[in-house]
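A.B. asks: Residue strings, one per chain:
Number of protein chains: 2
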Amino acid sequence: MPNPTAAMLVIGDEILSGRTHDKNTHHLAGQLTEAAIDLKEARVVSDDPDAIIAAVRELSAKYDHVFTSGGIGPTHDDITADCIAAAFDTSIDVRDDARAILQAHYDAQGLELNAARLRMARIPDGAALIDNPVSKAPGFTLKNVHVMAGVPKIFHAMVASVLPSLTGGAPLLSQSWRVDRGEGDIAAPLADLVDRHPVVSFGCYPFQKDGLFGANIVARSQDEPALNAAFRDLQQVFPA
Amino acid sequence: MPNPTAAMLVIGDEILSGRTHDKNTHHLAGQLTEAAIDLKEARVVSDDPDAIIAAVRELSAKYDHVFTSGGIGPTHDDITADCIAAAFDTSIDVRDDARAILQAHYDAQGLELNAARLRMARIPDGAALIDNPVSKAPGFTLKNVHVMAGVPKIFHAMVASVLPSLTGGAPLLSQSWRVDRGEGDIAAPLADLVDRHPVVSFGCYPFQKDGLFGANIVARSQDEPALNAAFRDLQQVFPA
Numbered sequence: 216m217p218n219p220t221a222a223m224l225v226i227g228d229e230i231l232s233g234r235t236h237d238k239n240t241h242h243l244a245g246q247l248t249e250a251a252i253d254l255k256e257a258r259v260v261s262d263d264p265d266a267i268i269a270a271v272r273e274l275s276a277k278y279d280h281v282f283t284s285g286g287i288g289p290t291h292d293d294i295t296a297d298c299i300a301a302a303f304d305t306s307i308d309v310r311d312d313a314r315a316i317l318q319a320h321y322d323a324q325g326l327e328l329n330a331a332r333l334r335m336a337r338i339p340d341g342a343a344l345i346d347n348p349v350s351k352a353p354g355f356t357l358k359n360v361h362v363m364a365g366v367p368k369i370f371h372a373m374v375a376s377v378l379p380s381l382t383g384g385a386p387l388l389s390q391s392w393r394v395d396r397g398e399g400d401i402a403a404p405l406a407d408l409v410d411r412h413p414v415v416s417f418g419c420y421p422f423q424k425d426g427l428f429g430a431n432i433v434a435r436s437q438d439e440p441a442l443n444a445a446f447r448d449l450q451q452v453f454p455a
Numbered sequence: 216m217p218n219p220t221a222a223m224l225v226i227g228d229e230i231l232s233g234r235t236h237d238k239n240t241h242h243l244a245g246q247l248t249e250a251a252i253d254l255k256e257a258r259v260v261s262d263d264p265d266a267i268i269a270a271v272r273e274l275s276a277k278y279d280h281v282f283t284s285g286g287i288g289p290t291h292d293d294i295t296a297d298c299i300a301a302a303f304d305t306s307i308d309v310r311d312d313a314r315a316i317l318q319a320h321y322d323a324q325g326l327e328l329n330a331a332r333l334r335m336a337r338i339p340d341g342a343a344l345i346d347n348p349v350s351k352a353p354g355f356t357l358k359n360v361h362v363m364a365g366v367p368k369i370f371h372a373m374v375a376s377v378l379p380s381l382t383g384g385a386p387l388l389s390q391s392w393r394v395d396r397g398e399g400d401i402a403a404p405l406a407d408l409v410d411r412h413p414v415v416s417f418g419c420y421p422f423q424k425d426g427l428f429g430a431n432i433v434a435r436s437q438d439e440p441a442l443n444a445a446f447r448d449l450q451q452v453f454p455a
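Sequence lines, in order, name chains A and B. All you need for the numbering used here is the position in the first sequence, starting with 1, plus 215. All you need for the numbering used here is the position in the second sequence, starting with 1, plus 215.
Everything labelled a hint here was simulated from the structure, so no lab data went into it. Please read these numbers as outputs of a predicted model, since none were measured by experiment. Check each hint, because a few of them may be wrong.
No copy is singled out in the list; a pair is fine if it fits within one copy or between any two copies.
[Stated by the list, open to error] Straight-line distance between alpha carbons at most 25 angstroms, and here's what the computed DSS-like set of lysine-lysine pairs gives:
no., residue 1, residue 2
1, LYS351, LYS238
2, LYS368, LYS424
3, LYS351, LYS424
4, LYS424, LYS358
5, LYS368, LYS351
6, LYS277, LYS358
7, LYS238, LYS368
8, LYS424, LYS277
9, LYS368, LYS277
10, LYS351, LYS277
Required output: the full structure, derived from the provided sequences and hints.
C.D. replies: Structure (structure tokens):
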């Protein structure tokens, strides 16, 4: 059975202007690989309702899971929750369970749960809350879309809250082998290897270091004996 | 007149598996902001012809420019050039000008221009070559799609080769102001600022440092006097 599929949707002008570096996609990619869920696509869109709604609808229809990052804070440019509700034609309002979490959090700090902070309790109808152990304001899951914060520490915590509840496929195993030759020398023998090992996929990732060209060749498969055989073959074709 | 628009398309399984961190989008984002071209969207797709072709067609139709990264080397998983040709129903073959560049390069190194390396001279019909001062194998521009290498050093060099030929709009000016208060306290006065300065856009980027919450507020506009007025207002609303 093929693995479940997923897409990442990063929401935020600050990524597209080059102001902020998106690190959440890389984190999610690693976590999903471990969980045997195939990340098939990642997108970054701006803080524009039409762009967000269109991307959510398309990715949600196309993949088993969608993970979003960003736009669920208290300020005027935090529009993700409203866009998710709009994408699924669902109503959205302050919800009692989310409000209670925020109320307890701000009471404990002696801070007021003002109108701006209360925006973070706006949850689309029918969504399940995602726990936020860092700063309390919850994320949520609506249908197959998991809506999480953009601040990396909070995003990581929310991914950790969500992932155990999702069922992955058979884990993809991989082995990596460094070859200190240019890709142009590697390509032909590697193509023969690809032909000899049909249930193993090979990636060739070139690097340039101290003026020398080389590449890491990564063999991947869900079939452990086949992977081991392919790796032995790889080592013989490109001796250390 | 609005600025020209652009999209980035990163091609590569290694990004989606979490093996490699994409740094090219961040670099391009900064360069385009300086050139007054608005990066509206970024995508990562896997080494799958259908996914690449569909993304190229969609992004090319939607934006003024598309920049791609990855998949133009000599190995079996380098399929970008063929996919670009397919996306535009154009033929592709080894082209004499590209072959001459590679021939000179490998001759100078005493290396053979073998079949794998010659794959890098496959250029879609009607494309213009993009100079690669790092490792010679050229990128190319076909219609509004600029096809570049994934290795960051080469990607940077190719962006530098392409950008001067593109016409940007009026540069977007920005000023940033740090506020050492939580977003929940910032949101309401910031919303009033947004209302008072209609030609300025405000972004609020929260951070958490040493247990304290704060945010950088960035004001952006193409109108310098309006931006300056908004920034003075911002500093008065949130004194240092």
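A.B. asks: None of the hints should be skipped; say for each whether it holds.
C.D. replies: Results for each hint:
For the homomeric pair LYS351 and LYS238, the shortest alpha-carbon distance inside one copy (21 angstroms) is at most 25 angstroms, but the shortest distance between copies (31 angstroms) is not. For the identical chains of this complex, LYS368 and LYS424 are inter-copy neighbours only, at 11 angstroms across copies versus 32 angstroms inside a copy, given an alpha-carbon limit of 25 angstroms. In the homo-oligomer, the alpha carbons of LYS351 and LYS424 lie at most 25 angstroms apart only across protomers (17 angstroms), although the nearest pairing inside one protomer, at 44 angstroms, exceeds that limit. Proximity of LYS424 to LYS358 under the C-alpha cut-off of 25 angstroms is found in neither arrangement, the shortest distances being 46 angstroms within a copy and 34 angstroms between copies.
Taking CA atoms no more than 25 angstroms apart as the test, LYS368 paired with LYS351 passes inside one copy only; the shortest distance there is 12 angstroms, against 41 angstroms between copies. With identical chains, the CA atoms of LYS277 and LYS358 are at most 25 angstroms apart within one copy only, with a shortest distance of 13 angstroms there and 28 angstroms across copies. Taking the shortest alpha-carbon separations for LYS238 and LYS368, both the intra-copy value of 10 angstroms and the inter-copy value of 20 angstroms come in at or below 25 angstroms. Taking identical chains as interchangeable, the C-alpha atoms of LYS424 and LYS277 are never at most 25 angstroms apart, the minima being 39 angstroms within one chain and 38 angstroms between chains.
Taking the shortest alpha-carbon separations for LYS368 and LYS277, neither the intra-copy value of 28 angstroms nor the inter-copy value of 34 angstroms comes in at or below 25 angstroms. In the homo-oligomer, the alpha carbons of LYS351 and LYS277 never lie at most 25 angstroms apart, since the shortest distance is 31 angstroms inside one protomer and 39 angstroms across protomers.
The structure fails to meet hints 4, 8, 9 and 10 from the earlier list, while all remaining hints are met.
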